[in-house]
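First to last, the sequence lines map onto chains A and B.
With my numbering as the guide, the letters of the first sequence map in order to residues 3 to 95.
With my numbering as the guide, the letters of the second sequence map in order to residues 7 to 422.
If you're looking for bench data, these hints aren't it; they were derived computationally from the structure.
Quick caveat: nothing in here was measured; it's all calculated off a predicted structure.
Hints may contain errors.
Said to hold, decoys possible - Capping the alpha-carbon separation at 30 angstroms, the derived lysine-lysine pairs in DSS-like fashion look like this:
id, chain 1, residue 1, chain 2, residue 2
1, A, Lys52, B, Lys237
2, B, Lys71, B, Lys237
3, B, Lys71, A, Lys95
4, B, Lys358, A, Lys52
What the hints assert, rightly or not - Chain A is faced by these chain B residues, among others (derived, beta-carbon under 7 angstroms):
id, residue
5, Ser248
6, Arg257
7, Glu261
8, Ser309
9, Ser311
10, Glu317
11, Pro350
12, Phe406
Stated by the list, open to error - Listing some non-contacts, in silico: residues in chain A with all C-beta distances to chain B over 10 angstroms:
id, residue
13, Cys8
14, Gly64
15, Pro90
All C-beta atoms in this analysis are idealised placements derived from N, C-alpha and C, irrespective of residue type, glycine included.
The lines below spell out each chain.
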Amino acid sequence: MFLIDCPYCGPRQQTEFHCHGEAHIARPKDPDAISDVEWADYLFNRSNTKGVFYERWVHNHGCRRWFNLARDTVSDRILAVYRMGEKPPRVKK
Amino acid sequence: MAKYSVFSLVRNALSYHENWQRAWRSPDPKPEYDILVIGGGGHGLATAHYLAKEHGINNVAVIEKGWLGGGNTARNTTIVRSNYLWDESAAIYEHSLKLWEGLSQDLNFNVMFSQRGVMNLAHNLHDWRELNRRVHAIRLNGVDSEILSAAQVKAEAPILNVSPDSRYPIIGASMQRRGGTARHDAVAWGYARAADQRGVDIIQNCEVTGFVINNGRVEGVETTRGPIKAKRVGVAVAGHSSVLADMAGFRMPVESNPLQALVSDPIKPVLDCVVMSSAVHVYISQSDRGEFVIGAGSDLHVSYSQRGSFEIIEGIMGALCELVPMVSRMKMMRQWGGVVDVTPDRSPIVGKTPVEGLFINCGWGTGGFKGTPGSGHAFAATLAAGEPNDMAGPFSLDRFRTGFLIDEAGAAAVAH
Ligand SMILES: Cc1cc2nc3c(=O)[nH]c(=O)nc-3n(C[C@H](O)[C@H](O)[C@H](O)COP(=O)(O)OP(=O)(O)OC[C@H]3O[C@@H](n4cnc5c(N)ncnc54)[C@H](O)[C@@H]3O)c2cc1C
Ligand SMILES: [Zn+2]
Chain A
3 MFLIDCPYCG PRQQTEFHCH GEAHIARPKD PDAISDVEWA DYLFNRSNTK GVFYERWVHN
63 HGCRRWFNLA RDTVSDRILA VYRMGEKPPR VKK
Chain B
7 MAKYSVFSLV RNALSYHENW QRAWRSPDPK PEYDILVIGG GGHGLATAHY LAKEHGINNV
67 AVIEKGWLGG GNTARNTTIV RSNYLWDESA AIYEHSLKLW EGLSQDLNFN VMFSQRGVMN
127 LAHNLHDWRE LNRRVHAIRL NGVDSEILSA AQVKAEAPIL NVSPDSRYPI IGASMQRRGG
187 TARHDAVAWG YARAADQRGV DIIQNCEVTG FVINNGRVEG VETTRGPIKA KRVGVAVAGH
247 SSVLADMAGF RMPVESNPLQ ALVSDPIKPV LDCVVMSSAV HVYISQSDRG EFVIGAGSDL
307 HVSYSQRGSF EIIEGIMGAL CELVPMVSRM KMMRQWGGVV DVTPDRSPIV GKTPVEGLFI
367 NCGWGTGGFK GTPGSGHAFA ATLAAGEPND MAGPFSLDRF RTGFLIDEAG AAAVAH
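For reference, chain A alone in the conformation it holds in the complex:
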């Protein structure tokens, strides 16, 4: 179980949150202008990183706000918490 430090509420247990996968995937500005390969890449392909991974969480049973985590997917250690719109921090394992 993770202890997640919500940027708005402070540390709460994982059951209050929901993970929404990889962060910083930008929706193509003009979907009609791109190829099927590019669209499929946006829609389905994921980095699925073994190591430092940036992901979105929402504090469902709390403030209901979204934010990002940097987490090491090998140790499951949470390395940084940052708000939506902020640049992903550089972190070390």
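Start from chain A and add chain B with the ligands according to the hints.
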């Protein structure tokens, strides 16, 4: 290599079982092979077996970074069934089930395949309607499947709580009688031994760390035991598929999630079929040793830690105490997790990659143990020909571009 039989058992008993041969060799890697299979889980080993047996290609090596059966092969709850909704899935899983039915004989290794029946419970009207639709669709595909009433469910599995005021009332169930369980390690060992017997090199403690790719064509791999050349390479590394794809320079529609299971202390036989409930994410069967083998749902976050959240265990045990009340007085002995490779449509990927000569077999996710023989069979045919066979065809990586998804996610909502 000696054939296992009742006679070899007696012969070896006379020498106090001290002279059994090793089941497979432990060779050093050769500099070059016709085909390399990366990943010594069930799928990789089955691929090697069928390459040698069905296609006469035995200049093959299986490269495993750890030991055989250290991955999901020997971490799963061993449920085998073929009652999938879509035609493409029905074809490959039913093919697999047919191979299971003759597997112990084929491998000369007892994989303890037990067709004790797999029951899927319906807890509400929606479940019930969906289940009925599925049973009919499955039967139209020539796969056995039947509907059980609540009373029939109770007769099949008396330990279930079918009381109408239960938190998860049981309205009925579907039953695939040809489904069941098998011994997971035996599947890895049996395939390894049979492949080795036909000349396949099984190389353990050898991690693939990179690919040698020239002009878009794979020429071999880098490993912790040196470079190995190959004409064709097949990747069957389950939860590590994205890691290997990254080494080869392409991206995958796969996420690696933790999936957990646990076993209880052993008790007398009380359950002689598999019971699954997708609504509450509980899967339970009783092993030959008497332990309940219990599977849970997966976590939603990416993790390679082989550990899931406690909340999942808590959730599943709460549901189980309601479904099978006797469990509340039992102890759970062991709990563990694996890394499962989940695709957006919950169907596997078997076929070509953007790199010429490099093929991939993954995405079996939470339910690939049952697929082991069928997957190995189809992947061997694909590697032998350099083109996907009919069974593998629909499961191409390219389907995410064309949109021809095989949406078992929406159809089944069943994890295993
Ligand atoms: C808890 C749990 C319960 C499950 N229950 C069921 C069930 O009831 N029924 C069912 O059908 N399925 C079930 N599954 C799913 C099933 O276990 C998997 O889909 C299937 O085992 C995956 O294929 P595999 O056996 O080849 O994988 P694995 O056994 O994981 O094999 C992959 C191998 O690749 C190796 N590898 C990785 N990276 C490298 C590298 N760089 N170099 C060399 N080797 C590498 C790994 O060490 C590993 O041995 C379950 C899974 C889990 C975790
Ligand atoms: Zn919050």
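Requested in this report: Against the structure, test the hints numbered earlier, and report the numbers of the ones violated in rising order.
Outcome: Of the numbered hints given earlier, the structure breaks none, since each of them holds.
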